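Enquirer: Sequence:
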Amino acid sequence: MFKKLFSYIIPVNIHKQNSSISKNIEITWANGELVLDSKNTNYSYGSLQRILRKGLKSIGFERVLKMQNILVLGVAGGSVIKTLSEEIKFKGKITGVEIDSEIIKIANSYFHLDKIENLEIVIDDAFEFVLKTKEKYDLIIIDIFQDTTMPNFLFEEFFQNRTCFLLKEKGVILFNTMCLSEKENSRNKKYLENVNSELFLARTIPRVEDHNELIILERK
1 MFKKLFSYII PVNIHKQNSS ISKNIEITWA NGELVLDSKN TNYSYGSLQR ILRKGLKSIG
61 FERVLKMQNI LVLGVAGGSV IKTLSEEIKF KGKITGVEID SEIIKIANSY FHLDKIENLE
121 IVIDDAFEFV LKTKEKYDLI IIDIFQDTTM PNFLFEEFFQ NRTCFLLKEK GVILFNTMCL
181 SEKENSRNKK YLENVNSELF LARTIPRVED HNELIILERK
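Residues in the sequence shown are numbered from 1 upward in steps of one, following full-length UniProt numbering.
In short, the hints are calculated from the structure, not lab data. Being a predicted model, the structure only gives us computed values, none of them experimental. Careful, some of the hints might be misleading.
[As the list claims (entries may be wrong)] Straight line, CA to CA, 30 angstroms or less: simulated DSS-like cross-link-like pairs of lysine-lysine:
| no. | residue 1 | residue 2 |
| --- | --- | --- |
| 1 | K220 | K168 |
| 2 | K115 | K91 |
| 3 | K170 | K91 |
[As the list claims (entries may be wrong)] Simulated restraints, written as ranges between beta carbons of each label pair:
| no. | residue 1 | residue 2 | range |
| --- | --- | --- | --- |
| 4 | P11 | S101 | 22 to 28 angstroms |
| 5 | N18 | S197 | 28 to 34 angstroms |
| 6 | D114 | N18 | 29 to 35 angstroms |
| 7 | S58 | I14 | 31 to 37 angstroms |
| 8 | S186 | D114 | 37 to 43 angstroms |
Ideal Cβ placement from N, Cα and C applies to all residues, glycine included.
Use the sequences and the hints to build the structure in full.
Expert: Written out as structure tokens, the structure reads:
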């Protein structure tokens, strides 16, 4: 309790761990809440939870509540899953795909992700998972980072088309991106230009928490 109270003055680190995939992982009390960070950015809770909550609010909590099947690509500490479960009270199936098994162990220990009954965690590469899955989803949340870097495959036309194919009728993609340079702004612009406007409505929520841009694709 003292560490939690003291964190309103200065962040208090309580756990550090190296991972072969995520490199440096830290659990910190910050402003009275536990957050999961990499070396240079927030991975779960804190600002990241605010970013994805804003995206879900834009889609509509009531709309999300009526969905049946949600896919989360990139779980980390599971902050968006906690928003779905605890704030929206989503009762349908949540499938979380995370490549780093170590980070899931931390999420279970510190954030009790394993207590969410309607959540299935799959340890797999997101690219491989979307190739293999035969399910269709009402909502696909893409939130994949390696520290401040996003894997290139996320913006390739093949991956974009495959995730769009996995959507049910009226399904939605919520894609959290980080833009730190003009090159990354251009990358996002190209991604949006590749959207099939006959099948999808595309919009953005720019500059969420300074450097994040949310891309929302809605199947017509």
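Enquirer: Now tell me if each hint is right for this structure.
Expert: Verification of the supplied hints:
Restraint check: the Cα-Cα separation between K220 and K168 comes to about 10 angstroms, which is no more than 30 angstroms; the hinted pair holds. As the CA atoms of K115 and K91 are separated by approximately 14 angstroms, the hinted pair is consistent with the 30 angstroms bound. A C-alpha spacing of about 19 angstroms is found between K170 and K91, which places the hinted pair at or below 30 angstroms, so the restraint holds. Checked against the given bound of 22 to 28 angstroms, the beta carbons of P11 and S101, roughly 26 angstroms apart, stay inside it.
Under the hint 28 to 34 angstroms, the C-beta atoms of N18 and S197, about 45 angstroms apart, miss the expected range. For D114 and N18, the hinted distance range of 29 to 35 angstroms is not satisfied, since their beta carbons lie about 22 angstroms from each other. Between S58 and I14, the C-beta spacing of about 33 angstroms keeps the proposed range 31 to 37 angstroms intact. One distance hint, 37 to 43 angstroms for the beta-carbon pair S186 and D114, holds here, with the actual separation near 40 angstroms.
Checked against the numbered hints listed earlier, the structure breaks hints 5, 6; every other hint is satisfied.
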